[in-house]
Amino acid sequence: MRRFLVALAGCFLLTLSFLSGTSATAAPAAPAAAAPAAAPTAAQLLAKTNSCQQISNGKYSYDEGGAATVPVCQSSGAVFFKADMDIDCDGQRTTQCNESTDCCFYPDTAFHTSTDQPLNAAQLPYIVLPQPTSTWDYRQYGIDGGSVVAVIYNNKVTYAVVGDTGPTSIIGEASYATAVSLGIDPDPSTGGTEGPVTYVVFPNTHVNPIENHDTAVSVGESSASSWVGGGQTDPPTGGVGQITGLGGKCVDVASANSANGTAVQLYDCNGTTAQQWTVGSDGTIRALGKCLDAAGTANGTKAQIWDCTGGAVQRWTRNSTGNLVNAASGKCLDATDNSSANGTRLQIWTCAATANQQWTVS
1 MRRFLVALAG CFLLTLSFLS GTSATAAPAA PAAAAPAAAP TAAQLLAKTN
51 SCQQISNGKY SYDEGGAATV PVCQSSGAVF FKADMDIDCD GQRTTQCNES
101 TDCCFYPDTA FHTSTDQPLN AAQLPYIVLP QPTSTWDYRQ YGIDGGSVVA
151 VIYNNKVTYA VVGDTGPTSI IGEASYATAV SLGIDPDPST GGTEGPVTYV
201 VFPNTHVNPI ENHDTAVSVG ESSASSWVGG GQTDPPTGGV GQITGLGGKC
251 VDVASANSAN GTAVQLYDCN GTTAQQWTVG SDGTIRALGK CLDAAGTANG
301 TKAQIWDCTG GAVQRWTRNS TGNLVNAASG KCLDATDNSS ANGTRLQIWT
351 CAATANQQWT VS
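Quick note on UniProt numbering: the sequence shown kicks off at 1 and runs consecutively.
Calculated from the structure, these hints are not laboratory results. Do not take every clue at face value.
[To be verified] Calculated cross-link-like contacts (lysine-lysine; reagent style BS3-like; alpha-carbon spacing at most 30 angstroms): (1) K82 / K48; (2) K156 / K48; (3) K59 / K82; (4) K59 / K48; (5) K59 / K156.
Bear in mind the structure is a predicted one, so any value in this text is a computation, not a measurement.
Using the sequences and the hints, build the whole thing.
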């Protein structure tokens, strides 16, 4: 099996009440946990991959020197490819992964733990993506280290994260722990499988810390359920109007730019389309045809707009004190540094009874 020494250093349910009074000042009650939807089956996930909208400028090989037959595809907002699985044992030295068990062992990974250590391939389910090139740059699709992945093989599903990068022409590799979870021989020298293995990456998801596998499973199941349930949809019925916050400023899409990743900020209310939000019965908040999105789950993760995928990072619930709570993180929409200045970025932060987390639709 191939081994690689390459590491990349870089990496309202919601219906809002239309309020006219003053925001409550009592400490917010903890958001009620939504009843989890049943996780999709392997068959349900695979059914969403029958049609490939190719987003790579070319195709990848299973192995060095092999035929390039694997495109990277997109469907209803998720990114997927179908390949083999070679075993990645790089990172922390363990009984399973070291110079003795793997001829090409490399003691590092492209993405690190919260303590700046390489990942533990024997313990953490993760996958390897090709380094960014003109063929395909995963970063342009809302994917980075810690993005959540559903890996499907032999009628089984496991959830993992993007944890390492590899050669620019090859695709289809995952950690020792990923193989174990799917019943695949994890031996770095003789294990793996020719597949087919299907890898479904959910853009704009992010596990922080990356080593928290329970979070990867939770976010993965939620994102997969939303994807199977319909993916990108037309805006659902809901109120349309401005959302105002600190200092009476409006939630605004910067420069009225509808591109994926555009910042969401506070700005003087002006009645433009960049400040007109559709509050959907599905929990989404939409402007300019895109969804209000948090690109991760950690405190300080910035809000942006992105293609609507149905994922948990795009669902928001209003609690009793006017907070907007993100479904993926349980954190609240927040004006950074308690500032009402024009251009103040919105982010997610641990919920509190502070004015910079109070929001009203008019």
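**Report entry** Contradicted hints - numbers only
**Finding:** Per hint list: zero violations.
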